[in-house]
Every structure is written in structure tokens, then in C-alpha cells.
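Quick note, the sequences are listed as chains A and B, same order.
Okay, so the first sequence: first residue is 1 according to this note's numbering, each after it adds one.
Okay, so the second sequence: first residue is 1001 according to this note's numbering, each after it adds one.
There may be inaccurate statements among the hints.
Here chain B is said to cover these stretches of chain A; the calculated rule only asks that three of the stretch's residues, wherever they fall, bring their Cβ under 8 Å from a Cβ of chain B [claimed, not checked]:
#1 104-114
#2 145-156
#3 251-261
So the derived list for chain B, only partly shown, Cβ under 10 Å to chain A, looks like this [said to hold, decoys possible]:
#4 L1310
#5 S1366
#6 A1373
#7 Y1394
Pairwise CB distance ranges (calculated) [claimed, not checked]:
#8 A:R327 / B:V1131: 41 to 51 Å
#9 A:Y308 / B:L1418: 52 to 62 Å
#10 A:L207 / B:P1321: 32 to 42 Å
#11 B:L1418 / A:Q396: 17 to 27 Å
#12 B:K1419 / A:Q86: 44 to 54 Å
#13 B:P1321 / A:P314: 16 to 26 Å
#14 A:P93 / B:G1117: 18 to 28 Å
#15 B:P1351 / A:G229: 31 to 41 Å
#16 A:R129 / B:K1419: 25 to 35 Å
#17 B:S1116 / A:R129: 20 to 30 Å
#18 A:P314 / B:E1317: 51 to 61 Å
Read the hints as simulated data drawn from the structure, not as lab findings.
Here the structure is a predicted model, which means the values were calculated and not measured.
The C-beta atom is built at its ideal place from N, Cα and C for all residues, glycine as well.
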Amino acid sequence: MAAPVLCRLWSGRRWALAYINRGSRHGAGTPTGSRSSGKREQSSVVQQPLITAEKPRKGEHKWAAVVGLEIHAQISSNSKLFSGSQVHFAAPPNSLVSFFDASLPGTLPVLNRRCVEAAVMTGLALNCRINKKSLFDRKHYFYADLPAGYQITQQRLPIAVNGSLAYSVFVGKKRSQVINKTVRIKQIQLEQDSGKSLHDDLRSQTLIDLNRAEGQLRVDANISVHHPGEPLGVRTEVKNLNSARFLAKAIDYEIQRQISELENGGEILNETRSFDYKLGCTVPMRDKEGKQDYRFIPEPNLPPLLLYDSASLPAGTDPQQVINIDRIRERLPELPSVTRDKLIQQYGMLPEHSLTLLNEVGLLEFFQNVIKETRAEPKKVTSWVLNTFLGFLKQQNLAVSESPVTPSALAELLNLLDRKTISSSAAKQVFAELWKSEGKTPAQIVSEKKLELMQDRETLEQLCHATMEQHPHVVMDMKKGNPRAINKLIGLVRKATLSRADPTVIKEILEKKLSA
Amino acid sequence: MKDGCAHVIPVAVVDLSFSSLSFAPCGGRQGTRTMLGRTLREVSAALKQGQITPTELCQKCLSLIKKTKFLNAYITVSEEVALKQAEESEKRYKKGHSLGDLDGIPVAVKDNFSTSGIETTCASNMLKGYVPPFNATVVQKLLDQGALLMGKTNLDEFAMGCGSTDGIFGPVKNPWSFSKQYREKRKQKPHGDKEDSDWLITGGSSGGSAAAVSAFTCFAALGSDTGGSTRNPAAHCGVVGLKPSYGLVSRHGLIPLVNSMDVPGILTRCVDDAAVVLGVLAGHDCKDSTTVQDPVKPFVLPNLTDVSKLCIGIPKEYLVPELSNEVHSLWSKAANLFESEGAKVIEVSLPHTSYSIVCYHVLCTSEVASNMARFDGLEYGHRCDIDVSTEAMYAATRREGFNDVVRGRILSGNFFLLKENYENYFVKAQKVRRLIANDFVNVFNSGVDALLTPTTLSEAVPYLEFIKEDNRTRSAQGDIFTQAVNMAGLPAVSVPMALSNHGLPIGLQFIGRAFCDQQLLAIAKWFEKQVQFPVIQLQELMDDCSSIFENEKLTSVSLKQ
Chain A
1 MAAPVLCRLW SGRRWALAYI NRGSRHGAGT PTGSRSSGKR EQSSVVQQPL ITAEKPRKGE
61 HKWAAVVGLE IHAQISSNSK LFSGSQVHFA APPNSLVSFF DASLPGTLPV LNRRCVEAAV
121 MTGLALNCRI NKKSLFDRKH YFYADLPAGY QITQQRLPIA VNGSLAYSVF VGKKRSQVIN
181 KTVRIKQIQL EQDSGKSLHD DLRSQTLIDL NRAEGQLRVD ANISVHHPGE PLGVRTEVKN
241 LNSARFLAKA IDYEIQRQIS ELENGGEILN ETRSFDYKLG CTVPMRDKEG KQDYRFIPEP
301 NLPPLLLYDS ASLPAGTDPQ QVINIDRIRE RLPELPSVTR DKLIQQYGML PEHSLTLLNE
361 VGLLEFFQNV IKETRAEPKK VTSWVLNTFL GFLKQQNLAV SESPVTPSAL AELLNLLDRK
421 TISSSAAKQV FAELWKSEGK TPAQIVSEKK LELMQDRETL EQLCHATMEQ HPHVVMDMKK
481 GNPRAINKLI GLVRKATLSR ADPTVIKEIL EKKLSA
Chain B
1001 MKDGCAHVIP VAVVDLSFSS LSFAPCGGRQ GTRTMLGRTL REVSAALKQG QITPTELCQK
1061 CLSLIKKTKF LNAYITVSEE VALKQAEESE KRYKKGHSLG DLDGIPVAVK DNFSTSGIET
1121 TCASNMLKGY VPPFNATVVQ KLLDQGALLM GKTNLDEFAM GCGSTDGIFG PVKNPWSFSK
1181 QYREKRKQKP HGDKEDSDWL ITGGSSGGSA AAVSAFTCFA ALGSDTGGST RNPAAHCGVV
1241 GLKPSYGLVS RHGLIPLVNS MDVPGILTRC VDDAAVVLGV LAGHDCKDST TVQDPVKPFV
1301 LPNLTDVSKL CIGIPKEYLV PELSNEVHSL WSKAANLFES EGAKVIEVSL PHTSYSIVCY
1361 HVLCTSEVAS NMARFDGLEY GHRCDIDVST EAMYAATRRE GFNDVVRGRI LSGNFFLLKE
1421 NYENYFVKAQ KVRRLIANDF VNVFNSGVDA LLTPTTLSEA VPYLEFIKED NRTRSAQGDI
1481 FTQAVNMAGL PAVSVPMALS NHGLPIGLQF IGRAFCDQQL LAIAKWFEKQ VQFPVIQLQE
1541 LMDDCSSIFE NEKLTSVSLK Q
């Protein structure tokens, strides 16, 4: 089903607008533009203002850019927003189409409870005001993949408004400096998705898939530039951006294009553009119809959507018949920003590390499971999970859930390291073994490969002594005060132990012998 | 008036001519040939008692449908389906497992309700050949009760009209055009020999359903009612036409005209029958979010014997100059009837009535523009041959698929919905709609139980006269007393009262409080009993067409109360 939520976020002069969709055409869809990407019903739309980038231009004029995003996100639900037909990723074309989805005359929309709950939850997570009464509207345009000739959306009174999302940006050469930002969300709206058009240019045909849901996020970016203190400039809309990378590239390109255009005496047209990801530039979409009048009208077949909280819930109401905002708030999982703060506080983690932990699906849980089972320092665990473990995953393009190394195995390995049973370099070796030989424990690998640290001090002292005797000129160097000479000796001793000795212990013995 | 209000309607003496009718004796076994003249409840009793089998009844109706084909009441006759259903029904009766009052009862359905496997055209080129894969909820409910679907009835294209003259299958002829009552009156007039060209319209847009019930081809029919489309033809065809409260009966599967006003309507030969059908159809439907959540219990209409506790309102704004003298007189007479039996009859005011028809026009065309957008030739229905571009295909398909009336309403509606017009037209009309609905609320809050009004301005007019005006003018006149009820979502019923001087039926309308449909029907039933509206005498027609009634005269149909 398609339940789209539209969120608009505002902050500073940039704005971003996001839709969360569930299989329906996004809010500001152009009906006549050539579109080959599918649209889903949307469950929520977020419109949020981004931060304005003020770029000084050669000391002359300053330009400020304003960006608003309309984000279309699909709701994770079993059935569509307004019909009982199912939602499956990559289902055969037109295999999940109810009579309503095909717009057979006489069919009526029936709102999916799950989609409403998801929209409310999204609104709560984005600090929105939840409207206890919201309305549905029809937005009209003719397009082959819009069988009803209109799309059901929430134009006048959406389910949630006036929210915000705080986020961090890394700046500086090493991207180690963190700046906290907030983007405002204008609204979240439930919206039905359109179908998907596949254009066959060779045969001049368009094939339509009314399954709708495809499980992707789609963003339209509205962009304008102006001089600070002056009115906002004319905006363009870059449509159908489906990755964060292209979104950023499209916005950057469009800002520069507009500035160049204006500085060269040109003007900006209020138009829709698409992003050519091969050329890395935006181009006008061919919209024969020109500006659309969507002729909005209230959707007469859906009564106002009423939500309650525990205080306003009428007594004796069947819980199945109503949606209680407070119940949904209780079910709201810990939000990422809270989790990140906790990680920073609890483990002394760097902010950027907390971000990485949360950005990779399953990584936080993996980390927490390791922490639970190991005595190793949290910083050590963080380093191993983010560097070694994540490095291996990335190298092989695996998800956390596909990792051959379990949290328990890594925890055991870190325990061995912590107890100084093995050295750091041996630990890396063990990890590599774990990765390829499933079923073996770290202890087994250490034992098989004889990787334990040499614990016998007497043996170590003998080895040190023998090494010093064999390399008198190095010892001489040291005595002359060359600070690096001792490292050479340490290396020689370690080599003699087949890297199984702790270098700090070797150093200690050597220093003791030299000063004796 | 009792409360001191002046009664605005002058009381005229009208000869109701009740004495010209003859009724069959109550009780006693009726031959099957007279079965068709019975009411639904009577024939249901006959089925239960084994006086006739569902198959016999079905065949009788099918035969009559063929003989009255010239009425053009049916677009599709679903003979095979009906006979099969009759067979199933017969098996149930033999086992003693009847499904209820509707088991084995022939019914007809307006051709804008989706019927699984049976073409559903809306009398439009656009949907010619369209066979829905599902049943409208109301159709399904009838079938679940064992009713026999005789066919799909004629209408104005997409129910846009009030004459049943503007569909692609041609106009429906009013059975009363061929009645003994009408013909006898006409013989007295010089132009009596032009009978064939002087047939009367049924009213509309559910004219096919009204004619089907009136001509005894079925015992109940579904109409739809957006601005009066069930009540108007009911009044012209001398049958009962019920528009239930908005939200009481599911619209799922009804091809919409105006979603916020459409309701499935019920056409029957008496009020009790309408109540039986309503009892089956009413209730929540998970496929229609605008239906009531509260469970609706089955009910039997009470026999109202005492009307002294009733308060009947007579809205003064409904006395318009265009109202015919005869209708005016009967309206007054009806008011007097209630008053003489002890009811309180008061003049009331619905002050925004005069704005209603214009407001209705804006809201209706706006929703029409939206609802008709889906007919683009892609998924179903008509598609033109032009394939140079999608846009060209849309344009030609819609040009060919819709008649002038539909296209005109689409254009008007889109105009009203344009960004620059929306506030000035659509929003204003919605506000007026609220005022009109509040007018009714205020009247009912003042203690009025039901409003009594005319259903139509006059009796049915000849087709040739009717088509002199354009559809829009006709609709504005035809819906004048009925559409405000749709804007307020109230229940209303047209009950035939008497014959005009031309021998044609005149109906009056009762309007009730929202969701007080049962109370409304109880009042209507009391009224029906008082006025004893005459049965249509079609034997000449039947004789002309080698009557199935053979030796038995139609005057012998029983009207047991």
C-alpha cells in the first residue's frame, strides 16, 4: 500500500523536504515529464530545510542558497496504503494489483492502519506536532501510470507538521570536527504512490506496472540562490534523485549553475530539472504541458483521519478502531541521536565513531554484544569493530549479518589480547584465521598456530642476553646514546621468539641488563 | 395550525378517484399468473407456502421483460444468471432452507452498479463492454439473500440527468403511458391518436429501475440517488423510491457520480418492501469507509396507528411558482390528512433552499470532473484508435466515450477546481452546503419528525416536450425538491399518493432525520395506507402484446395490507 508522509524541515535558509512514500507518486510529480523511474506509494513525506551555504564569491557578492527537499519514503507495511493488496520487493509486474489499485470504477480507498501508525511514529521521531485531525485530498493529472487520474495525498491538513531533525556534520581536513545542525520539517503527509512507467523508445510504447512499491527513497530538491538580505531567488526543482550522493551532487551543481547564470546576466526559470548522473549536471525536463494545475479536491471517500491521545480517547472505545498517539510514543524505539549520546558518554567514544556504529545496519548490536562478553576496554573494542571488523566486511562487501565472525568469537579474541595471552599482531592474525576458518575458536587458532606470548621470563632473559652477545655493535650504539638502537635489539629478540614475546617486557629486560 | 403558525398551503379539494380501483380479495390461493402483481412480501409468502416456485416466478418475470422490451427499461437481461439462481433457490426451498424474505425474489439493478461477470455500462460508450470482476456490496448482499438478478436497468449516461433519456441505449418509456388510467383520460382529448409518439418519460436517472418495478418485471430494484435520481422516477412511475441516509448503505461498487452525495436507492411497489430491502442492504461495509460503524439490526416496520404524537413540517420554501396546481393540491391534502388524524402539522423554514440547486451544481460537477478522470481508455472501457501520443489517445477516447452532458459537467467541474476559482466556487459551495444541512438540523431540532414536500414539480411529461429543454435546465427543475436532501445526507422517500387529472401518478416526499430511516418509513407506510394509491392497469398493454395475464385482469392483483 502506499502511504506517503511528507515532511518538510526548515532551518536557516536552506530547506529540505522529504516524503516518505508507500507506493504512490510523490507529491510534486510532474505528470508529463519523461520519467523512467518508478514511483511508489509513499507513506511519508518530509520536507526539511537544509542549512544555507553562504559562499563568498571573490570578495564581491555573497550568495546564499536555499534548498528544500521533498523526500518520498516507502512505509514498511504488508499491504498498500489504500488497498489490501500486498507489498513485495521485486514482485512480477502487475502481480500485486487490487481492483482499487487498477482504479476500477466503484472501488473505494480504505486506509491502512499500519501506514497511519508509521506516519505518526515518523512524526514523533522527527519532533513534529501530530495533527489529531488530518484530511485527504485528490491531486489531479493525467499520466499513464496514474490510473485514477488523480493521486490521494494530504495537501491541506497533513498528519504531522513543524518538526525538526538534529544532525552532525564533519568538517576539517580529517573530518574530525563535528558541527551540530538542525533542519526544520514542514510536514509529513501520507500519499498514495503512482505506478511505474517503463518507456520502450524503440517501439514507442510505455509499459505500466501498478505494483507500485519498490522499496526505495526518492528525493526532489528545490533550489534557489539570492544575495543575503534580498528576497529569495526563483527556484528550480530537481526531481527523482535516488541516492544521497547524487542528491548532494545535484544540489551543488544547481547552486553553481544558478550563480553563474545570474552573474552572467541570465535569469533562472521556475522549472523542473532532472539530474544526469553520467554528466553530473542538471538538465530541464521536457514538460509539454507547462505548469500544472492539480485541481485539488477533498477526497470524499475517506472521512477525516482522527487520532487520539490517552487524554482525549473517548471512554469505551475499541482500541482496534482508534489510534492512540501515546501508545505509539511508548513503542517508539530509542532514537539514533540518543543512542549516539549514550555511546559517547558510556564508552568515551568519539562522536564520529558513534555515528559510524549507527550508520551500518546491525553494527551497533554487534558492538554491544562484543562489549557484553569481553573484559577489553571499550576503546579497544570500538577500534576493533570499526577498523578491523568493518574493514573486512567492506573489503568483501558483506553486511554485518553475513559476517563469518560472531560477536562471541571477537570477544574471546579481545580477551586473549587483554590477558596478554597474545600480542596485537598475533591477534590480527587470529582474526584473519577466524574469518576464513569457521567453527574454530580463537583459543584453538592460537594454540594451533603457536601464537601465545612467551610468558617465561627466564627464557626471555636468556634470549636477550644471547642477542646482546651476538650484536655487540648495536649494544655499543645504545651505550653511545642512540635511542633507536634499543628498538633494533627488541626487534631482534622478538624475531628470535617468533614474534611471541611482548615487546614491552623485552624492552624492560634489555634496559635492565644495559644499566646493570 | 395548532401551534398558531399560518399554514401557507391553500387547501383545495381534489378528487383522488380511489373508487375507480378494484382489488383482489385478500386471502384465498392466488394463481401464479397474478403473482407478478403482488408485493415483495406477498410473493415471498407465496414462495414459502409453495404456491409458486422460484423458477416459475423467474420465468414469468423474464417473459414479461420480453413483452415490455419496448419500455427500454433493461439494458442487459441476465436470463441465464437469473434462471440458475432460481434453480439454486428452488433447491433451498425444497430443503426448507430458505435464506429469508428475498430468497427467490426477482430484482433488477441499475446499470451503474458493478455486477461480477455481467456487463456494466452506465449507459455510456465509455463503458460499453466493461464486465466488472466483482459485485457491488449491495448487489452481493441481495444475492447472498437468494435474490434473482433479472438484469441491469437503463439510466441517463453515468446517472447524469432526470429523465432517463440521455443514455446511449435510448430513453426509457414510462409504463403509465400505456396504462388504462392514462389512455382513458387521453381518449377524451382530440390528439388521442398520437399515442405512440406521445409516450411519457419515467424521470431519472433511475428510470429503468422505476419502470421495471412499475411494469411488474421485478419486485424490487436498485437505483442510485445523488440529487433525486431514485425519488424522481419513483414519483413519475407510481412506485416507492427510498433514498437512505448517507452512510447507511455501502457505495462500494456503485460507479460514482458525486461520492459525497451518492446513495444506493431502493424502488419497490410498497413501503414495506422498501423496508425489507433496506434491512438487507444497511450496515457497515469495510470496503466503504463512509458507512456507519454501528451495527444495524434487522427490523420490521411497525404499523403506525396513532399519528397524534407526530410533528410534520411543511417547508415554506418548497412552495415555488413552478409547482403544478395538482401537485400543490395533493401536497395540501396530504398535510390536512395528517392534521385531521391528530398530527401536529407546522410550517417550517429552510431559508437557504433557494441557493441549493446552484450549490449542488458546483459540487456535483467538481466531483464529476474528478471521478471521470479515471476513464482514460487505458485500463478498461472504450479506447479510440488514435495512438500518436498518450495525450491524443486520452483526448479522443474521452471525446468518443462521453456524451455532451458528461463532457459539459467535466468542463464545468474542472473550471471550478482551478486554483484561481477554487475559493470562489468550490469552497463557497461547500459553505452553502453546510448552511443547507444546518437548515435541516435546525428544523429537526425544533421537534419536527419528518418533512412533507412534493417530489417533483408535476406529473411525468411526454418525451417530446421534455427534450425541448437542455439537460441542465431539466436537471435543475427535476431535482429542485430532492437534491438538498442529498447535500444534507438525510433519508427521504417518495410515496405515490394519487393520479393526476391525466391519470398519471403523483408522489410526495417525506424527509427524515439522519439515520432515522425506520421512523421515516413508518410514517410513509401510514401515509401509503391512507391514500390507497391505485394499481397501474396494464392489461391493454399486455393484451396488445399477447398478455401473459391471459384471462386474468391486472386489476385483480392483490394489494393485501
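Structure-based check of all given hints:
no. : hint                         : verdict
1   : 104-114                      : holds (count 8)
2   : 145-156                      : holds (count 4)
3   : 251-261                      : violated (count 0)
4   : L1310                        : violated (33 Å)
5   : S1366                        : holds (6 Å)
6   : A1373                        : holds (3 Å)
7   : Y1394                        : holds (6 Å)
8   : A:R327 / B:V1131: 41 to 51 Å : holds (45 Å)
9   : A:Y308 / B:L1418: 52 to 62 Å : violated (37 Å)
10  : A:L207 / B:P1321: 32 to 42 Å : violated (60 Å)
11  : B:L1418 / A:Q396: 17 to 27 Å : violated (58 Å)
12  : B:K1419 / A:Q86: 44 to 54 Å  : violated (37 Å)
13  : B:P1321 / A:P314: 16 to 26 Å : violated (49 Å)
14  : A:P93 / B:G1117: 18 to 28 Å  : holds (26 Å)
15  : B:P1351 / A:G229: 31 to 41 Å : violated (55 Å)
16  : A:R129 / B:K1419: 25 to 35 Å : holds (27 Å)
17  : B:S1116 / A:R129: 20 to 30 Å : violated (46 Å)
18  : A:P314 / B:E1317: 51 to 61 Å : violated (38 Å)
The structure fails hints 3, 4, 9, 10, 11, 12, 13, 15, 17 and 18 (numbered hints given earlier, in ascending order).
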